[in-house]
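K.L.:
Guided by the hints, dock chain V onto chain F, whose structure is given.
Number of protein chains: 2
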Amino acid sequence: MEQAKPTLLSEIGEFGLIDRLTANRKMVQSSSLMGVGDDAAVIDAGDHCILVTTDLLVEGIHFNLIYTPLKHLGYKAVAVNLSDIYAMNAEPRQITVSIAVSGKFSLEALEELYSGIYMACDKYKVDLIGGDTSSSVTGLTISITALGTAKRDEIVYRNGAQTNDLICVSGDLGAAYIGLQLLEREKELFEKDHSLQPDLDGNDYIIGRQLKPEPRADIIQLLKDNGIKPTSMIDISDGLSSEILHICKNSDKGCRIYQEKIPIDASTAMMAAEFNIEPLICALHGGEDYELLFTVPLESFEKLRNMKEIHIIGKVVDKEDNALMLTAEGNSIQLRAQGWDGLLERE
Amino acid sequence: MEQAKPTLLSEIGEFGLIDRLTANRKMVQSSSLMGVGDDAAVIDAGDHCILVTTDLLVEGIHFNLIYTPLKHLGYKAVAVNLSDIYAMNAEPRQITVSIAVSGKFSLEALEELYSGIYMACDKYKVDLIGGDTSSSVTGLTISITALGTAKRDEIVYRNGAQTNDLICVSGDLGAAYIGLQLLEREKELFEKDHSLQPDLDGNDYIIGRQLKPEPRADIIQLLKDNGIKPTSMIDISDGLSSEILHICKNSDKGCRIYQEKIPIDASTAMMAAEFNIEPLICALHGGEDYELLFTVPLESFEKLRNMKEIHIIGKVVDKEDNALMLTAEGNSIQLRAQGWDGLLERE
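In order, the protein sequences belong to chains F and V.
Under the numbering used here, think of the first position of the first sequence as -7, with each following residue one higher.
Under the numbering used here, think of the first position of the second sequence as -7, with each following residue one higher.
In isolation and in its complexed conformation, chain F is listed as follows (with noise of 0.2 Å):
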């Protein structure tokens, strides 16, 4: 008898092995509120729910030591967790922490890295109440889970977008993307020729967007006390057209997206412009800025306009008409998700 070919992974990509994994599971527990399939899972406890996200950053894949400083390596390790846990409309407060690691790692470093860590709890105000700690074959791996509460009607999926809704989104995208271009590049130009020192004079944003994101904390309790529940949220780890077509698809919906309102960083444009990259593509393809994509009602429009933090980059259309980015010359691109499939190694 013959046997079937094994499936390779990079064959059906990180969302497509979630769905194979994760497909015809039903839940037991009637705490279980939401599973798979949200930045976090929900979990009922009674007068609140506890919200559940997790991460797993491993060496050579998501961060290069090269150019990561442990303790920012910390930092953006909880960042990037507690981010899931706000764009659920909810408030972190804590972490269990675990990490593999080789024998190259001294104590030394590992303090370093917890400071990070630590720094990130302070500020968010999150404790670290648990974690693992393992040696390793090669490098290191991190495994966070963030833990957060939210009154049961306050939390916010990713499924509920209605037509006509307007599509915000914090901050300004693809900053991350191109500020890892360049310490890339920086990067292999040392391994070149070794008396090079990095020339990253005057990009201190884009780097510091890459190295030290910040989850949207601010702009959570920015709508709340401007009394705006969104729709609909997602923290923008892979890419704007990623997380949109998330959306849409989570809420049985399209969306019209207008290119020149999308917000980019001037720093971000330039460096781009350096690198021959469109930055519409940094901000649509880029990854891991992580701010916030939200829907809201349309008769909020009038308590958005002047925050300057959020930007109205589109609106819900009904799912028949499509996922689609209008550019400033009239022309109408449908959506693609290129972000960042972790399981095809983009480092």
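Hints are computed from structural coordinates only; laboratory data are not their basis.
Source: prediction; values computed, not measured.
It cannot be assumed that every hint is accurate.
Identical copies carry no separate label here, and so any pair may be met within one copy or between two of them.
Stated by the list, open to error - Here are the computed lysine-lysine pairs in the DSS-like style, where the Cα-Cα straight-line distance is at most 30 Å:
no.: 1; residue 1: Lys179; residue 2: Lys18
no.: 2; residue 1: Lys143; residue 2: Lys117
no.: 3; residue 1: Lys179; residue 2: Lys(-3)
no.: 4; residue 1: Lys115; residue 2: Lys18
no.: 5; residue 1: Lys143; residue 2: Lys18
no.: 6; residue 1: Lys18; residue 2: Lys117
no.: 7; residue 1: Lys216; residue 2: Lys18
P.N.:
For chain V alone, kept in the frame of chain F given last:
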């Protein structure tokens, strides 16, 4: 200026590392009832508590795929986390599963892993509610977080043992360790001569204890049914000696363990003899038994004596009286933790 020499992780060991990395941290969230330092962290959720525990399993450190079927590995990865929840006298409800895999794994291999994960989920009625998938540079890493619930006054910590309490252990000890030795031996023989088939006949019990441990949900239920609430509890992942010292340290007590009361299965003793290892050493320092070690007030004696799955192996004494094991010959031996230290790579 001379630079201080970096401290090797092997110099300080896993528990030393955790102490160093988590020392002097105060918790800021009032809901964080228990952080690092027990089988699971405890979060106040109003009318009940949420328990959280996490474990990292690394290929080449914690498991060897040459003799570990992926389905068993998935099952065990869940089981060891649930064991930590039961060890708090709580009920597991949900898990998250993150995996990092190298290109050598196919979709079908991961489906096999997940079939074991789901088998454990089904048996213990827990939901898989989230996770992360990533590529890895080498091998497979599995990070599981388990969540459970308990009423606040039902939770059993490591620190509640009282002088004169009985020390009890469920099941039997040392089998998982000697099962591992057998698997390792057969692997080495196979590597020398590929025509050899593994000789595992008649050793189902010890191999099963290594490859497919069960968390002792039944013991927790048995104690509950009989109205017994342990004063302290821990699960045996690192060997009896290491675990009883955790209870003594956290409870500020000492202990007397009676050597001849330590439950060791006949098949464990026989295989240990074949390896020229004292069976007692397997029980004290082998680890991975995932049995429950707990203390109960003296007045529970009558109820406990007829429970065949529970063995009274000693008693709690004052701290000043030390942690000793009394041998059949009347000698007393200081108990020491020589359990598995994840950072010393026992495999």
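K.L.:
The structure should be examined with respect to each hint, and the outcome stated for every one.
P.N.:
Tested hints:
no.	hint	verdict
1	Lys179 to Lys18	neither (47 Å within a copy, 39 Å between copies)
2	Lys143 to Lys117	both (19 Å within a copy, 26 Å between copies)
3	Lys179 to Lys(-3)	between (39 Å within a copy, 27 Å between copies)
4	Lys115 to Lys18	between (38 Å within a copy, 14 Å between copies)
5	Lys143 to Lys18	both (24 Å within a copy, 26 Å between copies)
6	Lys18 to Lys117	between (35 Å within a copy, 11 Å between copies)
7	Lys216 to Lys18	between (34 Å within a copy, 29 Å between copies)
Hint 1 from the earlier list is the only one contradicted by this structure; the remaining hints agree with it.
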